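A.B. asks: These are the residues of each chain, in order.
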Amino acid sequence: MITLNHYLVLSAALFVMGFAGVVLRRNALVIFMSIELMLNAVNLSFVAFSRQFGNLDGQLASFFVIVLAAAEAAIGLAIIVLVFRRRATVQTTALNTLRDATNAS
Amino acid sequence: MRLDVLQLWQHAWPSLTLLIAAMVSLLTSVFPSRHRARITAVLAATAFLLSAQGFFHQWGLGEAKGFEFLVVDPLSNYLGALIALIGFITSIAAYPYILSQAEAIPEFFSLLLFAAFGMTTMVMTTNLLAFVLGLEIMSLSLYVLVGLRRYDPRSGEAAFKYFLLGSVATAFLLFGISFFYGSTGTLDLSRIPELLPNPEMATLFKLGALLILLGFAFKVGAVPFHFWAPDVYDGAPMPVTGFMATGVKVAAFGALIRVVEAFAPRHELPLQRWIVMLSFATMIVGNLVALRQRHLKRILAYSSIAHAGYLLLGMATLVGTGEIRAAALSPILFYLLVYSLLTLGVFSVLTILSSGGQELNDLKDLDGLSEKRPVLSAVLSVFFISLAGVPPTAGFLAKYYLFSQAIQVGLYPLAIAGILASAVSLYYYLGPIVRMYFHSHEKTWQAPGVMASLRLLLALMVAGVFYLGLFPASTLEISRRTVPIRALEAPLASPSAKLP
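Chain order of the listed sequences is E and Z. Number 105 marks the last residue of the first sequence (our numbering); no jumps. Number 500 marks the last residue of the second sequence (our numbering); no jumps.
Where hints are given, some of them may not hold.
Each pair of labels, with its calculated beta carbon distance range [said to hold, decoys possible]: (1) T97/E / Y467/Z: 39 to 45 Å; (2) H439/Z / V81/E: 38 to 44 Å; (3) F31/Z / F84/E: 29 to 35 Å; (4) L426/Z / V81/E: 41 to 47 Å; (5) I416/Z / T89/E: 46 to 52 Å; (6) L456/Z / T89/E: 46 to 52 Å; (7) Q91/E / L196/Z: 50 to 56 Å; (8) S474/Z / Q91/E: 54 to 60 Å; (9) R51/E / R266/Z: 22 to 28 Å; (10) A20/E / R481/Z: 47 to 53 Å; (11) F84/E / E268/Z: 46 to 52 Å; (12) R99/E / H35/Z: 36 to 42 Å; (13) R25/E / L456/Z: 49 to 55 Å.
These aren't lab readings, by the way, just hints derived from the structure by calculation. Computed from a prediction, not measured in an experiment: that's the story for all the values here. We put the CB at the ideal spot given by N, CA and C, even for glycine.
With these hints in hand, go ahead and build the complete structure from the sequences.
C.D. replies: What follows is the structure, encoded as structure tokens:
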């Protein structure tokens, strides 16, 4: 029998994996995929709660999150392409023009 | 309750005007480029002004009306009017700047309208789903606006950083909302007071509230979630930076007022302790790190972080009073107005100076400006001095009301930290003024003359700084009469809530 807790544990695991990917990986596309993973974890927990309560608010929310993720993908990929055309790399370590310049005067 | 479109239009038209204008302005791409920029600029400025007037008119009616997703009450109308005015000033100040770019970008004005529409949606709702949609409409437009100078690698880098970190913050916010939904069975904040505390779900509820607050802390740039702000402000085009520093703050704090209003009566949440800690860290770190900056935009970025700290102090006061009271709310609303006026003033002048094709960046660029542009230098100095909180100006009074309210509810350590931190801030606000007046210029600075409408606007803004500083009574009265829907009348009729 699969209970609410199983879904929640899976959702939390997906979310943590996504966040770990954002923090640990250096490739912009992989970071981007990790963000999508976090959003899908959110979807799973919304739908699980919705099923538990028997009200549709949660399912509605997950539809909106899917739309939102698609819009984010459109803009995010455009920005990544923009950066790639400038620098020919999507490694985040290469993006270091903007930083606190404390010693230089 | 069925959604009545006519009634919705009647109450929410100022916000919908922005959306319609944004869509119409996208259709203007049939015109040749040069005219297109002018047409969209005029359209945007008109729509912003119309919308501000509409919000103010609605505020005067003092009504409160709840729709399924939107809430129209004095609070939303006050903040909506402020957002529309911010958009108006930005679109006027940015026009010469946009024309001076290597490729004129008329889409700037469409995106500005879309972002402003998202902001008004954020403050016009108690439903967390509608709030997130507004937040994303705003954020997605801003990601593009930040990367607008696409031939400039700094702009692209700023957009990239803002996008990645902003999306992560949104994911956290959404995860928090799903926990909130899981522990209460509703997405509507206004229904929390009807729900009985459920001990089984207490941990889930607490975790949800914490994650939601974390998302907010990121959006307002509170320490320790501020690290994106200096980089993004630095790389973004000048008018966009000004718009972000003011509009996003107003919208996020407006939405935060509603969240705090809903959560404050739930005593199982250590809400005040969380906000006090955030405020403490934000005021101190923001002001101290600003001292060491050499770039003008980074100074202003840390300054906006510091001001978010003062506003969080106001939020802590609000929680301390237990429920929403006009006495605790009005200093925050007044501070938002004054902060927006001053910051937009600074950025308008800097946008004028950047309209010569090259972006003003280093503090050194201001050297000896008073000899070449005496009027602009004087105007800029007024705004900087007022931001520091020097007495005869609006900035002083705004801080005074905020801190005295905090002392009244007994937040002594926080108020003292705030006063000390704002004393420190005088140093970095005076830095640019010293540069303008006491350094000789080496650089040949090229900035065009100022449009008549922009001159008039700047004159009005300077007048506003002194007017609000010397005769604040009428404006304070407006902010005192601005209350959210729940304080205005009995709770909205809604089906009795069931707990899971």
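A.B. asks: Compare the structure with each hint and give your call.
C.D. replies: Hint-by-hint comparison with the structure:
{"no.": "1", "hint": "T97/E / Y467/Z: 39 to 45 Å", "result": "holds, 42 Å"}
{"no.": "2", "hint": "H439/Z / V81/E: 38 to 44 Å", "result": "holds, 42 Å"}
{"no.": "3", "hint": "F31/Z / F84/E: 29 to 35 Å", "result": "holds, 32 Å"}
{"no.": "4", "hint": "L426/Z / V81/E: 41 to 47 Å", "result": "holds, 45 Å"}
{"no.": "5", "hint": "I416/Z / T89/E: 46 to 52 Å", "result": "holds, 49 Å"}
{"no.": "6", "hint": "L456/Z / T89/E: 46 to 52 Å", "result": "holds, 48 Å"}
{"no.": "7", "hint": "Q91/E / L196/Z: 50 to 56 Å", "result": "holds, 52 Å"}
{"no.": "8", "hint": "S474/Z / Q91/E: 54 to 60 Å", "result": "holds, 56 Å"}
{"no.": "9", "hint": "R51/E / R266/Z: 22 to 28 Å", "result": "holds, 26 Å"}
{"no.": "10", "hint": "A20/E / R481/Z: 47 to 53 Å", "result": "holds, 49 Å"}
{"no.": "11", "hint": "F84/E / E268/Z: 46 to 52 Å", "result": "holds, 48 Å"}
{"no.": "12", "hint": "R99/E / H35/Z: 36 to 42 Å", "result": "holds, 40 Å"}
{"no.": "13", "hint": "R25/E / L456/Z: 49 to 55 Å", "result": "holds, 52 Å"}
Against the hints set out earlier in the document, no violation occurs for any number.
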